[in-house]
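Guided by the hints, dock chain B onto chain A, whose structure is given.
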Amino acid sequence: MKLLLLVNGNAKRIFEAQSMKQEDFEIIKINEKMLAKPRKMLNYLRQNHSEIYFGCLSIEFQRFIPFMLIYILLSKPKKGGIIDEEGAKVKFNAIKTILITIPLLIVEAVGSFFIVVYSFIYYFVWRKWKIKS
Amino acid sequence: MEKMEDKKLRALFWRIDYTGALVDGGVSTTVRSLIKEILKERHDVFYFSGSRAKLPSNVKIYYFPFNRFYRNFPEIFALNYNFLSFKFAKKVLPQIQPINFIYHPVHDFNFSAGMLKREYGIPLFLQADGVQYWIKRNWGKLYFSKLVLWAEEILWALSDKIFTFSTQLKNLLIEFGAPGEKICINPCGFDPEIFHPQIDARGLKETLGLEGKFIIGFSGTFELYHGISFLAKSIKMVVRRIPQAVFLFVGDGSFRAQLDEIVKQDNVQKNTIITGFLPFEEVPKYLSICDVLVSPGINNPDGTEFFNSPIKNFEYMGLKKPIVATAVGQQKEIFKDRWNALLVEEKNPEAIAEAIWELYRNPELAQTIATNAYQDGIAKHTWAHRAKTLLDAYFSLIKK
Numbered sequence: 001m002k003l004l005l006l007v008n009g010n011a012k013r014i015f016e017a018q019s020m021k022q023e024d025f026e027i028i029k030i031n032e033k034m035l036a037k038p039r040k041m042l043n044y045l046r047q048n049h050s051e052i053y054f055g056c057l058s059i060e061f062q063r064f065i066p067f068m069l070i071y072i073l074l075s076k077p078k079k080g081g082i083i084d085e086e087g088a089k090v091k092f093n094a095i096k097t098i099l100i101t102i103p104l105l106i107v108e109a110v111g112s113f114f115i116v117v118y119s120f121i122y123y124f125v126w127r128k129w130k131i132k133s
Numbered sequence: 001m002e003k004m005e006d007k008k009l010r011a012l013f014w015r016i017d018y019t020g021a022l023v024d025g026g027v028s029t030t031v032r033s034l035i036k037e038i039l040k041e042r043h044d045v046f047y048f049s050g051s052r053a054k055l056p057s058n059v060k061i062y063y064f065p066f067n068r069f070y071r072n073f074p075e076i077f078a079l080n081y082n083f084l085s086f087k088f089a090k091k092v093l094p095q096i097q098p099i100n101f102i103y104h105p106v107h108d109f110n111f112s113a114g115m116l117k118r119e120y121g122i123p124l125f126l127q128a129d130g131v132q133y134w135i136k137r138n139w140g141k142l143y144f145s146k147l148v149l150w151a152e153e154i155l156w157a158l159s160d161k162i163f164t165f166s167t168q169l170k171n172l173l174i175e176f177g178a179p180g181e182k183i184c185i186n187p188c189g190f191d192p193e194i195f196h197p198q199i200d201a202r203g204l205k206e207t208l209g210l211e212g213k214f215i216i217g218f219s220g221t222f223e224l225y226h227g228i229s230f231l232a233k234s235i236k237m238v239v240r241r242i243p244q245a246v247f248l249f250v251g252d253g254s255f256r257a258q259l260d261e262i263v264k265q266d267n268v269q270k271n272t273i274i275t276g277f278l279p280f281e282e283v284p285k286y287l288s289i290c291d292v293l294v295s296p297g298i299n300n301p302d303g304t305e306f307f308n309s310p311i312k313n314f315e316y317m318g319l320k321k322p323i324v325a326t327a328v329g330q331q332k333e334i335f336k337d338r339w340n341a342l343l344v345e346e347k348n349p350e351a352i353a354e355a356i357w358e359l360y361r362n363p364e365l366a367q368t369i370a371t372n373a374y375q376d377g378i379a380k381h382t383w384a385h386r387a388k389t390l391l392d393a394y395f396s397l398i399k400k
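Protein sequences, first through last, are from chains A and B. Quick note: the first sequence, position 29, residue 29 per my numbering, numbers continuous. Quick note: the second sequence, position 97, residue 97 per my numbering, numbers continuous.
A couple of the hints might just be wrong.
[As the list claims (entries may be wrong)] So the derived list for chain B, only partly shown, Cβ under 8 Å to chain A, looks like this:
1. Tyr18
2. Phe69
3. Arg71
4. Asn72
5. Leu158
6. Gly276
[Stated by the list, open to error] One side only, chain B facing chain A, incomplete, derived with CB under 7 Å:
7. Phe73
8. Ile76
9. Leu79
10. Leu147
11. Glu153
These are computed hints drawn from the structure, not numbers from a lab. Predicted, not measured: the structure shown is a model, and the values here were computed from it. Every residue gets a Cβ at the ideal spot worked out from N, C-alpha and C, and that includes glycine.
The following block holds chain A by itself, in its conformation from the complex:
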């Protein structure tokens, strides 16, 4: 049995777009907030499933994909990916996740810190002076 963690979108449409059979899957509806709860997520992921998939409306617009891949890396089967209603798919690859996805996430975290600092200065200046001038 495979597991579909449905983040958003419609399971039936996802299976149709991916040419997969619904009866092969156990479907659990989650939301993006749930991705921030590792204990709950790992509970789902450590059961006896042969593959783990995250389902969504559109991979192009889906946030938190690196976290989903890390969850698959921590899951029991370490197989699966991310699938959407438009037929797009991100296939899980353990080496790629360790060597590319995780380091990129760290770079993103560093970059994010600078964006926050810059934003505080920029917004402050606008609020204090620019709207009045």
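Using the frame of chain A, we list chain B on its own:
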């Protein structure tokens, strides 16, 4: 001499939302409907968007994508998009000038429309669906609270008009510092070409296995303020009295799990259908097969009054269906008990069940309130009325 109101305008709609247009929620419907009405008046519409947009083909759409890299940490992608969207807009705007006004649904952390207004002097009309700071604090997670507040304050200060949906929301905006003299109440509405009493939904009842059933409908996103759990709790009470009753939930949302749980606990799975999100064009068909439509909104847990203007209320009116609504916020203003709806106490499943039961056993009352609601809707609450308010605001601004 040509009257100012006869002048052909060039309106720019600018929506920031990231995935908003992928799901047909309230903001998508509002923006799309206003655009449709403005096009009917033969004005030109341009559209800047952070997501894909389903709009008429004569709208020139410019898609400003979010950064694909900065999107995994809370709010960073929105902060980054404030700069990015302004950069895109500055590049495109000279190609489409002259623009008469910008219509912009406010989005958290983003004041790029304000920056554009300051640089080009184009009148800026905001659509405030709430106070972003309040929404994040009460319904989501609030990170970088100062930045959310500052972005909104900048937009309010630079705008020429702030359109909001209800008196309750106007009060909340003023409480948070929005200038009251700029605020104009322009509720949601409905499109009578889409929501009308003669919808052809042949075969749908059969497909859903609902022949001979008494169908109670709800449409919308399953969010806290829609009071979905109280409607769910009323199912078993209704079914006790009307065994052939079926509740048809058209939509989805964060309270879906809670709804599923109540349905399971009360053992009313056979009397409940949850469709999930449907394409907008499918929704009228589903609602048209219902015998009663319900709007169970509730006041907010922090004590603020229900401030939404649910589109469903107006769409229900257009469908000429008997409506059961809770007596909260704007619903108390647009509905008059036993005249165009049955108004019930909020958070009270027994009251909802009682009202449905009354409409079931009194078809004459159901018919009367449905007819009154329809006439009221056509006279006052179509999107054409809302677009007129928007255009009138522009002309009065220009006259000044």
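Here is what the structure says about each hint:
1. Tyr18: At 7 Å from the nearest chain A Cβ, Tyr18 (chain B) passes the 8 Å test, so the hint holds.
2. Phe69: holds (6 Å)
3. Arg71: Cβ of Arg71 (chain B) sits 5 Å from chain A, so the hint holds.
4. Asn72: holds (6 Å)
5. Leu158: holds (6 Å)
6. Gly276: holds (5 Å)
7. Phe73: holds (5 Å)
8. Ile76: holds (4 Å)
9. Leu79: Since the shortest Cβ distance to chain A is 5 Å, the answer is holds.
10. Leu147: holds (5 Å)
11. Glu153: Where the cut-off is 7 Å and the nearest Cβ of chain A is about 6 Å from Glu153 (chain B), the hint holds.
Consistency note: the structure conflicts with none of the earlier hints.
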